[in-house]
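**Student:** Chains A, B and C, in that order, are what the protein sequence lines are.
The opening position of the first sequence corresponds to residue 25 in our numbering, with each subsequent residue numbered one higher.
The opening position of the second sequence corresponds to residue 100 in our numbering, with each subsequent residue numbered one higher.
The opening position of the third sequence corresponds to residue 24 in our numbering, with each subsequent residue numbered one higher.
Keep in mind that a hint or two might mislead.
Unchecked claim - If you anchor each label on the Cβ, the simulated ranges turn out as follows:
1. B:L758 / C:Y110: 52 to 62 Å
2. B:Q726 / C:Y110: 44 to 54 Å
3. C:G155 / A:Q323: 29 to 39 Å
Derived from the structure by calculation, the hints contain no laboratory data.
Yeah, the Cβ is synthetic: ideal placement off N, Cα and C, and Gly gets one too.
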Amino acid sequence: MMSLFFILITAPFFVGIILKVKAKFAARKLPSILQPFYDVARLFKKGAIYSTTTSFIFKIAPLVYFVSVLMAALFIPIGSLKGFLSFNADFVYFAYLLAFGKFMMIIAAMDTGSSFEGMGANREALYSMLIEPAFFILIASLALFTDNNSFYGLFLNLHISTNLSYILGLAAIYVLMYIAMIENSRSPIDDAKTHLELTMVHEVMVLDNSGFDLALIHIATWIKFSIYGTLISNFIIQNEWPLALQIGSFFFVQMAFAGVVGLLESFRARNKLEKNPQWIIMLSAIAIVLFLTTLIITQKIILY
Amino acid sequence: MILFLLKAVLILSLGLFFVPKNRKYFFTFSLHLALVVISSFLIFNTFNQVASLKFPFLSLLNNTIYIEIDKLSAFFMLVINFTCLTGIIYAKAYLEPYYKSKSSLEFALHYFSFLWLHIAMLFVVMFRDALAFLIVWEIMALTAFLLVIFENEKKETIKIGIQYLIQMHIAVVFIMIGFIWAYSQTGADFSFDGLSVYFESHNPLPLFLIFFIGFGIKAGFIPLHSWLPHAHPAAPTHVSAVMSGVIIKMGIYGILRVLTYIHHDLFNIGLFILISALVNGLIGVSLAIVQHDIKKLLAYHSIENIGIIGIGIGLGVIGLAINIPALTVLGFAGGILHILNHSLFKSLLFYTAGAVYTQTHTRNIEELGGLIKKMPKTALFFLIGALAICGLPPFNGFISEFLIYSGMFKALLSGNLQTDILLFFAISGLAIIGGLAIFCFTKVFSIVFLGTPRSDKVTHAKEASTSMILAYALIAITILLIGLLPVLFINPLIDIVSIFTKDTQAIQQAIPTLNSISISSGLFIVLIALFWLVRYWQQKRQNIRKDATWACAYTGANPAIHQYTATSYADNFVQISNQITNVKKEFKNFEEAEIFPKERTFQTHSSDKIEDYLIKTPTTFILNFLQKIGVFQTGKIQHYLLYAFAFIMMIFILTLLNLI
Amino acid sequence: MTYLFIILYAITLIYFALSERTKKFVWLLAIQGLILFGVVFFSLNKIDIFDFIFILLETIVVKTLVVPWFLNKVRKHNQLKREHEPYVPVFYSIIVVVIILIISFMLSNYLNDSQMHTQYFTIAFTSIIFGGYFIMIHKNLFSNVVGYLIIENGIFLLSLAVGSIMPIMVNLAILLDVFMGVLILGLFINRVGDTFKSVKTEHLSKLKD
């Protein structure tokens, strides 16, 4: 239960920190870190407009998306704190739960009958399909490395001590970071600042949502970032440390993660849209290299 | 007593031809119900006792044919009964528009074939004797053929029906060869049990392959699948649902039954099944994405799901070979549960698609759209079917895929290098198949039901009739039941899997996990309801309006033309997979000198490469060749007499020269 | 520590499959040179100090600085920008690279030979096969030489694999190969480019007789 609490606390600050870092590097005036918080609070006070083309799917989709992300957060441990739910092979449930949320968002976007949103829905469907194997292969390598089958057990037994496991940790953090950026449709897949049909993936799917629904969608994005940040921080937090040190380093890693995302967004251009599928497959290829490394570490491949 | 009732049902079915037209449906329905009740009694008995049920059925010429039902057969009987029952409930409303145009005899034949299909399938899983098995298998194929050609005023349908019949007969030939080979090598019983004697002393792989080809044509394994995408659209909907839900599974039943007799040298067999199944899954779903005919799309999805079942079974066999009981048990359990799951959600999808077809008279999804406003209940049930087929929690597809994943992850930890590389391919394959299924079903659901209508075929659509909705509801309740409370179904599964291996500890360990899944899914639904209430409370005090779609304030376009179409949605994916989907674009370019261009057309067309190479090219070649020879068939008696005289002359001369 | 460099080398091969710009090819070659420097620094410890310094210098100077500088010069002179449309789409090339990697790992696992350092053999094998594949799919003369240099890197690693002592002879031979390759490239591109006005390999087939 505690881990859920911490994940939810760090969630609202994520987007704020990213925007602040980007503004700093672009030599612009810095918005307050709590700005997204104020935006969402404002949305909670507003009414909503529903399109006449849409049906009950459009009304129910943001709820399902939000609840799926919230439930996914229930599985993630922080160091030695267990998640609210934990069972064997729960990462499969995690991945498919997030996929359910995406499914509902995609059909809600197609529900409006607009070509813009259809475009976003189409791209989102393709990219999330391409990133699935990367996540599964990464988790399979970690499961193989720690000889354990659930998120909690995996991270409890993750001891990064030998040289080779450092590489494993670094590469896994690299892949997880990019998976987080793809899932939230930030660069280099998508440019969240511009509303050009050339580049939009996620932003364009939510054009017709307003009021409470839009607020829920924003909060879901924050929580998703927070979830991946927690997964990354689990690599750095060692389970032998005292609890206070674990929590402290957790906050530190979350802030660092947000900062690095901001840095990457400022300095890296967006991919040409046609090149996105091959770039995403490259992440799966790196995950496969990770898998092979794990096979070497666990002595299944014997090299002299 | 049971036997007597069974035989009575068989004989009463002949009475179908003599009942007046308006009573035919009621008569069929009651016979079906009787059959379900009788076989449920048998199923219940089988699951309650440890040994299998065995009693004599028929005695002909001093040979007794026994009915032998073990847990595997009982499971299949359950699947058959459920789908056939919902099929006949659905058929009432579906066949109503045909009431005037078809004669009494045609209806009688149709209902008779449906009943006998049900009976034949039940007997297929009950007989072990090879000759009896082949006879009822043949009856199954023939009745399916008669059902497929129901709409026989269209020439295409008859052609497709005959193609189906030919392929089924090729399958029967292979199965017969398998049995005869085993009999000739060992001289044991000419039945399934006789196979075990063969397998003990010879290498199992070649004979298994022969059986695999025979049963695989029925199941729809690639490259033997070419009848599937044609037969399903041509047949009436309740027949497609039964075909996709059950008849294909008879092929899987055959493969499983043969596997129960093989106890050594299993690794190659398991590897072969796994690789075929992965290919099936990937190619099936890729081809499904580019189809525009809704039933053809669902047919390709059946191929994909047969792939998922095959992955479960293949992993189970590999687990037996390398002695990892967790993999065996969970793999088989996942595969077998997926058989039930697939028949449920596939029949639901076919029924809803059939309702759409009845109302709009078109199967082309590019002409539909916005149907959710006219047929909300149908849309809701289609959505449930779509979510289930993508394997999303809390529906039933997730449970079977989860069992397979659990098995794979457990085996990953304890296997050696070869196993790990194999499991790596299987895990990434299953993940990709799941992602592609989501891609496909978001496309189908959105294009058919959401958005605005793309043509005027949608304007007269009305909601489906009550009997159809009853059929949907029955299936949807079962889907939700399996998805939310999987532990209810685990104990029968454990019994079935113990036919293959005795160490079922892994599933016992999985029961707490499945309980956690139920709790999580329940929590999921509760939270959705909670936030819905919160939103209701918040929106009550606010101003909620309805207006046109905003979409970045682009209001100048006609929404019917400027929405996403099915081709555009799939185009993204086609760019990376054109080798498999083979989409060709046909259009004429504008020339430079053409200052006032004339009208142009643009067509996209996808074809099945495997079918082209295996079936179309050879048959076109043979037909062309035969056409050239057909010159000799002039139709004039004078020429034929000439041929006869020429032949006699030739024989005479050759004898003179001592050549023959 | 050498495992780190091996994994990094495998990742550079994946990036080779992913990228399409000639500038990136040159950068990746320089990074590979750096990785090879690291490999040599951490693993060769049984030869004399002279040979050791020679090999270190060779990797750092030749592979990381001289050759990429020369290639850059050629690239700028002919204004080569990006590779137009390789024969096999990039999406499939990445899958091919991964399959080659998996095959070479499994191969070196089965070759349970304690005489050979299979850690280097794996990546050397991948490099050689991938270099050949690279030449096959690209249409540009420049990419031909880049592929050739990838093969040379692979042979360098192979010589590390078959002995922990690297004889000077093998090393000199490799250096010679590299020089010849780059020299021919320079000649080719400058002369051929001026004559044909392009560097596509299809034009080269006109030279056959």
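**Student:** Would you mind marking each hint as holding or not holding in the structure?
**Tutor:** Against the structure, the hints come out as follows:
| no. | hint | verdict |
| --- | --- | --- |
| 1 | B:L758 / C:Y110: 52 to 62 Å | holds, 58 Å |
| 2 | B:Q726 / C:Y110: 44 to 54 Å | violated, 39 Å |
| 3 | C:G155 / A:Q323: 29 to 39 Å | holds, 31 Å |
When the structure is compared with the earlier hints, a violation turns up for hint 2 alone.
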